[in-house]
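2 protein chains.
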Amino acid sequence: MKNIMEMSDAELSALHQTLQAEYRRYQDRKLKLDLSRGKPAGAQLDLNNALLEKMETYRTPGGLDTRNYGLLEGIPELRALFAELLNIPVERIVLGGNSSLNLMYDAIARCMLFGTCGHTPWCKLNEVKFLCPAPGYDRHFAVTEDMGIGMIPVTMTPTGPDMDQVEKLVAEDPSIKGIWCVPLYSNPQGICYSAETVDRLGAMKCAAPDFRIFWDNAYGVHHLYREHQLKDIFGACEAGGNPDRPFYFFSTSKITFPGAGVAMVAASPANILDIRKRMSVQTIGHDKVNQLRTLQFLGSAEGVRAHMRNLAAALRPKFDMVLEILERELGGTGLAGWTRPDGGYFVALDTMDHCARETVRLAQDAGVKFTGAGATFPYKKDPNDRNLRIAPSFPTLEELKPAMEIFCLSVKLAGVEKILAGR
Amino acid sequence: MKNIMEMSDAELSALHQTLQAEYRRYQDRKLKLDLSRGKPAGAQLDLNNALLEKMETYRTPGGLDTRNYGLLEGIPELRALFAELLNIPVERIVLGGNSSLNLMYDAIARCMLFGTCGHTPWCKLNEVKFLCPAPGYDRHFAVTEDMGIGMIPVTMTPTGPDMDQVEKLVAEDPSIKGIWCVPLYSNPQGICYSAETVDRLGAMKCAAPDFRIFWDNAYGVHHLYREHQLKDIFGACEAGGNPDRPFYFFSTSKITFPGAGVAMVAASPANILDIRKRMSVQTIGHDKVNQLRTLQFLGSAEGVRAHMRNLAAALRPKFDMVLEILERELGGTGLAGWTRPDGGYFVALDTMDHCARETVRLAQDAGVKFTGAGATFPYKKDPNDRNLRIAPSFPTLEELKPAMEIFCLSVKLAGVEKILAGR
Numbered sequence: 001m002k003n004i005m006e007m008s009d010a011e012l013s014a015l016h017q018t019l020q021a022e023y024r025r026y027q028d029r030k031l032k033l034d035l036s037r038g039k040p041a042g043a044q045l046d047l048n049n050a051l052l053e054k055m056e057t058y059r060t061p062g063g064l065d066t067r068n069y070g071l072l073e074g075i076p077e078l079r080a081l082f083a084e085l086l087n088i089p090v091e092r093i094v095l096g097g098n099s100s101l102n103l104m105y106d107a108i109a110r111c112m113l114f115g116t117c118g119h120t121p122w123c124k125l126n127e128v129k130f131l132c133p134a135p136g137y138d139r140h141f142a143v144t145e146d147m148g149i150g151m152i153p154v155t156m157t158p159t160g161p162d163m164d165q166v167e168k169l170v171a172e173d174p175s176i177k178g179i180w181c182v183p184l185y186s187n188p189q190g191i192c193y194s195a196e197t198v199d200r201l202g203a204m205k206c207a208a209p210d211f212r213i214f215w216d217n218a219y220g221v222h223h224l225y226r227e228h229q230l231k232d233i234f235g236a237c238e239a240g241g242n243p244d245r246p247f248y249f250f251s252t253s254k255i256t257f258p259g260a261g262v263a264m265v266a267a268s269p270a271n272i273l274d275i276r277k278r279m280s281v282q283t284i285g286h287d288k289v290n291q292l293r294t295l296q297f298l299g300s301a302e303g304v305r306a307h308m309r310n311l312a313a314a315l316r317p318k319f320d321m322v323l324e325i326l327e328r329e330l331g332g333t334g335l336a337g338w339t340r341p342d343g344g345y346f347v348a349l350d351t352m353d354h355c356a357r358e359t360v361r362l363a364q365d366a367g368v369k370f371t372g373a374g375a376t377f378p379y380k381k382d383p384n385d386r387n388l389r390i391a392p393s394f395p396t397l398e399e400l401k402p403a404m405e406i407f408c409l410s411v412k413l414a415g416v417e418k419i420l421a422g423r
Numbered sequence: 001m002k003n004i005m006e007m008s009d010a011e012l013s014a015l016h017q018t019l020q021a022e023y024r025r026y027q028d029r030k031l032k033l034d035l036s037r038g039k040p041a042g043a044q045l046d047l048n049n050a051l052l053e054k055m056e057t058y059r060t061p062g063g064l065d066t067r068n069y070g071l072l073e074g075i076p077e078l079r080a081l082f083a084e085l086l087n088i089p090v091e092r093i094v095l096g097g098n099s100s101l102n103l104m105y106d107a108i109a110r111c112m113l114f115g116t117c118g119h120t121p122w123c124k125l126n127e128v129k130f131l132c133p134a135p136g137y138d139r140h141f142a143v144t145e146d147m148g149i150g151m152i153p154v155t156m157t158p159t160g161p162d163m164d165q166v167e168k169l170v171a172e173d174p175s176i177k178g179i180w181c182v183p184l185y186s187n188p189q190g191i192c193y194s195a196e197t198v199d200r201l202g203a204m205k206c207a208a209p210d211f212r213i214f215w216d217n218a219y220g221v222h223h224l225y226r227e228h229q230l231k232d233i234f235g236a237c238e239a240g241g242n243p244d245r246p247f248y249f250f251s252t253s254k255i256t257f258p259g260a261g262v263a264m265v266a267a268s269p270a271n272i273l274d275i276r277k278r279m280s281v282q283t284i285g286h287d288k289v290n291q292l293r294t295l296q297f298l299g300s301a302e303g304v305r306a307h308m309r310n311l312a313a314a315l316r317p318k319f320d321m322v323l324e325i326l327e328r329e330l331g332g333t334g335l336a337g338w339t340r341p342d343g344g345y346f347v348a349l350d351t352m353d354h355c356a357r358e359t360v361r362l363a364q365d366a367g368v369k370f371t372g373a374g375a376t377f378p379y380k381k382d383p384n385d386r387n388l389r390i391a392p393s394f395p396t397l398e399e400l401k402p403a404m405e406i407f408c409l410s411v412k413l414a415g416v417e418k419i420l421a422g423r
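Order-wise, the sequence lines are chains A and B. Mapping the first sequence onto this note's numbering, position 12 (from 1) lands on 12, and the numbers just tick up by one. Mapping the second sequence onto this note's numbering, position 70 (from 1) lands on 70, and the numbers just tick up by one.
Bound conformation, chain A alone (with noise of 0.2 Å):
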């Protein structure tokens, strides 16, 4: 398909009457697929299975009877396995429930209640806000919006948020509190924050004293083509003299199984004293036996590289499925741009502006549900409504095919009906 910038109106209202006819014949077929969340498939779960097995002890190697209260910061040998893993040493590690995005809330929620390090709890002052690096992800957003934090949209560029615009925000207003980070294969671009980014999220000067860097590094082993390697958050921030700066999270819920891993938070020597307190009085600990289990499972920090290496091979035809299908169907068409993520559990899309609501809808109606326009921006906003993001992982191969080509036919025929309107 040619340049649709290039097409006569004739040849546009023939484009147009051939997609109705195709998307009608999708329509009777009467499918109904899911490319809206990054869940993994049943196949790619079975690699897990052996975390269903029989456990032979309920002892950690060091002895910890694991079926018991206590041990809040979670067991030694995981800290450790997460500390080797991600380089982070292992005291400022503290290993959580099931759920790095709970970690996240409750990080907030102690915010606003308690404050950080000694600063006013948020909850007192007139006025919170957070920078979004957009598109992002919209559960992060769902946290802030629900905790009445106000979000601050920021331009993602192919090294991270745009680090003119955070710099300029973060010094001149005292009521920026924080921002959302996916550094390595965001969501939903798949974009790797550059060494210069993260130096310069550490050395900025922020009005704000209690400014937090939320640090999600949900896909920090999740390469599928090509290792990027994410510059450490903790030295940079030391390095620019603020060394409590960063909340750095992370989880197996895509290494495992989502919904029953074991989700990691991480913070400096004072942050980590602050959470340990307040976590002290929360729970008796998390559990350790599911813990265990991971470490068993996973074995050692090279197990889990080993381990992400057999998830990949399983992803990856789903991925080269969608960029194949992409570029044969939208590529050189002016209808649609994409990104090519070596990494995480996305592909994110712009249509042509104010095109990608209309996009999602025919879609659903022709039997294919995506997450909906907007969720990638605060408030669910987006302001060009064009951006949206494809999730590959769930469905089989054979249901992803017929998936793509009915977003692609949905993305042209949305396009083309929005020129034909202009014209």
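A few of these clues could be false.
Mimicking BS3-like on lysine-lysine, the simulated pairs with C-alpha atoms at most 30 Å apart in a straight line are [claimed, not checked]: (1) A:Lys-129 x B:Lys-124; (2) B:Lys-369 x A:Lys-277; (3) A:Lys-124 x B:Lys-380; (4) B:Lys-129 x A:Lys-124; (5) A:Lys-380 x B:Lys-54; (6) B:Lys-380 x A:Lys-54; (7) A:Lys-369 x B:Lys-54; (8) B:Lys-381 x A:Lys-277; (9) B:Lys-277 x A:Lys-129; (10) A:Lys-380 x B:Lys-124; (11) A:Lys-205 x B:Lys-54; (12) A:Lys-381 x B:Lys-277; (13) A:Lys-124 x B:Lys-32; (14) A:Lys-277 x B:Lys-54; (15) A:Lys-54 x B:Lys-369.
Hints listed in this document are in silico derivations from the structure and should not be mistaken for laboratory results.
Given the coordinates of chain A, assemble chain B onto it according to the supplied hints.
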């Protein structure tokens, strides 16, 4: 030993010397025992070891794949089991992670940050207070204290909190927003709330329209000697015209593995709507694999009851021994009074006034750790310095015997020294 009050000075001095000699003999044994926390013993945990076996399926009886994200409220079959076991409509039940304490903490955090059922967030008010029946559970008090909620102690009676006090306080003071209740086999006294107490809690007039009962039924199925029935708090609150008053908590922490069980919150439809809305921002869902594992192990409500009879059989000899030694060593001495609970995890003992702290110190110096004196009161302040909590579950019978003997000896020594100092 005859009643201490009837002893002459000479008898008392002689007794003091005998006790001191006995105490030194125990000190020489250099024991290291712990009766401080309500932790099950290893042998009791072994009764749950089937939880460590291979899971034959990761699918719920209804066919759901527990390995993946989703199902915020938990798997339906375990919700149904709790519903039958506790006589709560299933639609009022939301499962949590491994910790009911965490669910309570989150419930209070939500009240603080967002308010309940449309009422003002508590963090926006000048003052928030809770009624704290005391002696009570130290971790409840720690949560309220951490949140900056003022605590008002309420006298415990053999049928629950002194309801005359409670009714008067809540009617007068709109800043009193809640009450902590452990309604069956209370921690630490093993008191069971009477039907009248439950009815009065449901019907009482509260100045605060958003008053909440934190109903921590931690020992709801933990009978030891006799099965007490607990009146339905939801029914009592509905009959009183206060359907949204109770938050009901329960967990399998002392049914399966403490710290690796499944917790539950139940509430009225309006509250559950609130809870689910906020929880859906906080997490994608709790650990459903562990929920299924727990369901497979327990089987049914009747399965839980049968399992609890086995656990009680393991625990009862320890309570027998504690009560025997207390009676033998302290009965009729006038040095202490204690409860004879029909279930739960604790025996509460009152020393003579102003002797609890010294008793704990003496026991500690002879190698036996007890919960700190005062811990069972808000702000750790026992006005009479007399209440102590005995947790017999963790040590073996062989350890429990010397531990209790040292404890009784410490009670005697502290008491005798107090009297001698006063004569």
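Against the structure, the hints:
no. : hint                  : result
1   : A:Lys-129 x B:Lys-124 : holds (18 Å)
2   : B:Lys-369 x A:Lys-277 : holds (23 Å)
3   : A:Lys-124 x B:Lys-380 : holds (28 Å)
4   : B:Lys-129 x A:Lys-124 : holds (19 Å)
5   : A:Lys-380 x B:Lys-54  : violated (43 Å)
6   : B:Lys-380 x A:Lys-54  : violated (43 Å)
7   : A:Lys-369 x B:Lys-54  : violated (36 Å)
8   : B:Lys-381 x A:Lys-277 : holds (21 Å)
9   : B:Lys-277 x A:Lys-129 : holds (22 Å)
10  : A:Lys-380 x B:Lys-124 : holds (28 Å)
11  : A:Lys-205 x B:Lys-54  : violated (54 Å)
12  : A:Lys-381 x B:Lys-277 : holds (21 Å)
13  : A:Lys-124 x B:Lys-32  : violated (47 Å)
14  : A:Lys-277 x B:Lys-54  : violated (36 Å)
15  : A:Lys-54 x B:Lys-369  : violated (36 Å)
The earlier numbered hints that this structure contradicts are 5, 6, 7, 11, 13, 14, 15.
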